[in-house]
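Asks: Below, each chain spelled out in residue letters.
4 protein chains.
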Amino acid sequence: METRNKIRIGVIGGASPDPKYRQIAYDVGEGIAKKGAILVCGGLSGIMEAAARGAKNAGGITVGILPGTSPEDANTYIDFPIATGLGYTRNSLVAMNADVLIAVDGQFGTLTEIAYGNIYGKKVVGIGTWDIQGVVAAETAEEAVDLALKDYFPLIS
Amino acid sequence: METRNKIRIGVIGGASPDPKYRQIAYDVGEGIAKKGAILVCGGLSGIMEAAARGAKNAGGITVGILPGTSPEDANTYIDFPIATGLGYTRNSLVAMNADVLIAVDGQFGTLTEIAYGNIYGKKVVGIGTWDIQGVVAAETAEEAVDLALKDYFPLIS
Amino acid sequence: METRNKIRIGVIGGASPDPKYRQIAYDVGEGIAKKGAILVCGGLSGIMEAAARGAKNAGGITVGILPGTSPEDANTYIDFPIATGLGYTRNSLVAMNADVLIAVDGQFGTLTEIAYGNIYGKKVVGIGTWDIQGVVAAETAEEAVDLALKDYFPLIS
Amino acid sequence: METRNKIRIGVIGGASPDPKYRQIAYDVGEGIAKKGAILVCGGLSGIMEAAARGAKNAGGITVGILPGTSPEDANTYIDFPIATGLGYTRNSLVAMNADVLIAVDGQFGTLTEIAYGNIYGKKVVGIGTWDIQGVVAAETAEEAVDLALKDYFPLIS
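Residue numbers (my numbering), protein chains in the order written: chain A, 1 to 157; chain B, 1 to 157; chain C, 1 to 157; chain D, 1 to 157.
Only chain A is shown next, with the shape it has when bound in the complex (with noise of 0.2 Å):
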């Protein structure tokens, strides 16, 4: 398993999102795969548990950095789950192992991760998210994938 030179892309999202972002969320998620990224995110539910379930059905590598003491809080899809016992202060962990991220939908919490994300001189990516500085914005999975590929990938666009 060669996982060290793997891209590592964030997405961050809350955990009760309308299906539309879930759906979003997911092909995000196969999208990040396929790519050969490795998904990390904060391992709960919703935009997280959707856009992990698409990178393990498109078999790919998932990390979870979770807010309790206890990995096994992680949704199924997450392969290595990491317990923080942070609580929300564990959202700048989530910025801070993503090489790029990718937020969908979201709310305050979200707003810390791109905020963080902003600080550790992350690219942020959106999609019907926060529309302030610091976010750019996609409208759909695969031009957020794109977009937060391409300066590792300048081809790819």
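Everything labelled a hint here was simulated from the structure, so no lab data went into it. A hint or two may mislead.
Where chains are identical, the list cannot tell them apart; a pair therefore holds if satisfied intra-copy or between any two copies.
To be verified - The calculated lysine to any residue pairs, modelled on SDA-like cross-linking and capped at a C-alpha distance of 25 Å, are: (1) Lys123 with Pro71; (2) Lys56 with Gly134; (3) Lys20 with Gly68; (4) Lys123 with Asp73; (5) Lys6 with Lys56; (6) Lys150 with Ser70; (7) Lys123 with Ser70; (8) Lys6 with Asp18; (9) Lys123 with Leu147.
Note that the coordinates shown come from a computational prediction; the quantities given were computed from them, not determined experimentally.
With chain A fixed as given, assemble chains B, C and D onto it according to the hints.
Replies: This is chains B, C and D only, laid out in the frame that chain A set:
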């Protein structure tokens, strides 16, 4: 010293504001102290230092929650420096330790604190800062302090 | 209030000590306050509460660094409750925020604080606690406070 | 890749061990991989690197939970570097993310991990490390791995 039941107001903002916002932060800190509230901030320079200086000049009490491991990192107007060693991740703790927040100017670090304030159910008042959902806009330092405190002392406004 | 240059002494120990150690912790807290130092502790019950009660009864100042997200979790003798939301991981911050530590009784939580105290280069004095390298043993509360402070006020002992 | 149900064994120890313990750590890592368990460690040099190297040479999977903010800090034998930005405070997370721990040599950092392992209810096996309550002593790498795993595979021993 009776401090336990005092209201704690967090002042959030960046280390390199322009002079205009530094003055506003000073006035906010002074206003907080005059109302008998405790000032909580990130303990470093810029908005944090200006607000703490204002609070101290008005006889107030100041708490600084620091990113580094050394209490000595705090600016000279902090009475109680709290080292965390968490880096930017400590921003969550600034929001956690205030009853209400006032954002002055600020970039992405301030945005994490605005978002955490909302996650933790705190009102966030803002002057010259992110114009987004979850921020109650104020025009002046006096208005900001009044908006911050009016849930606690309804007759103020 | 001039607090910034006061020595900060951490008192560490468990939530369920036997009554003997509760009395010793009280005496340690009282001794700390009488010397003009600030008491730092974990802010909860048992040794932490007894020491804070001793310090307050002698007119001292107390800081409690809490595992939970709510400052209200602190015992009633804490002047400055600091919420962290870090759970047991906050033990590192207790050690970080003291110039010197006094361990009274205690189990594995106390052991993390003894170890972190040594990592951060702080002297750790102990009464009825782990008998290991990195702990300077004391027999009485008075001796513990004297040992804790003698690097700061060499003439005390 | 089925990783979710694998046992995770934490190997803890310092960055500057003597050569004897480096070899033992290598053998422990190798033994962990041969049993099909995942190695979790602090991701840096010394015992952490030796154990990870042993695990990789035997075809295992390695996770490194790092003190800094950059995944690149991990030694070259770490498959999944997890940055925390917590400094020494991350030691709690190493213990949190293992089902059982093996301490090899080590100073106060290792002591925090031994203590956190006990707080989190994990068995801690030790070779040439702190001789205290809460550590099950082993003489050899093989014995340490067997002791670590025998609660999971009772027939091993």
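Asks: Given a CA cutoff of 25 Å, do lysine 6 and lysine 56 count as a within-copy pair, a between-copy pair, both, or neither?
Replies: Both. Shortest intra-copy (16 Å) and inter-copy (17 Å) distances satisfy the 25 Å Cα cut-off.
Asks: Indicate which option fits the pair lysine 150, serine 70 if close means a Cα-Cα distance not exceeding 25 Å: within, between, both or neither.
Replies: between (35 Å within a copy, 21 Å between copies)
Asks: Regarding lysine 123 and proline 71, is the shortest C-alpha distance of 25 Å or less found within a copy, between copies, in both, or in neither?
Replies: between (28 Å within a copy, 17 Å between copies)
Asks: At most 25 Å between C-alpha atoms: does lysine 123 with leucine 147 qualify within a copy, between copies, both, or neither?
Replies: Answer is within; shortest intra-copy Cα gap is 9 Å, inter-copy 35 Å.
Asks: With 25 Å as the alpha-carbon cut-off, assign the pair lysine 56 and glycine 134 to within, between, both or neither.
Replies: For lysine 56 and glycine 134, neither the intra-copy (29 Å) nor the inter-copy (35 Å) Cα distance is at most 25 Å.
Asks: Taking 25 Å as the upper bound on the Cα-Cα distance, should lysine 20 and glycine 68 be classified as within, between, both, or neither?
Replies: Neither. Shortest intra-copy (28 Å) and inter-copy (35 Å) distances fail the 25 Å Cα cut-off.
Asks: For lysine 123 vs serine 70, is the C-alpha pair at or below 25 Å within one copy, between two copies, both, or neither?
Replies: Between copies only: 16 Å across chains, 30 Å inside a chain, cut-off 25 Å.
Asks: What label fits lysine 6 with aspartate 18 when the C-alpha limit is 25 Å: within, between, both, or neither?
Replies: Cα proximity of lysine 6 and aspartate 18: none, with 31 Å in one copy and 34 Å across.
Asks: For the identical chains here, do lysine 123 and aspartate 73 meet the 25 Å Cα criterion within one copy, between copies, both, or neither?
Replies: Between copies, since 21 Å is at most 25 Å while 28 Å is not.
Going down the numbered hints, you'll see the structure goes against 2, 3, 8, while the others check out.
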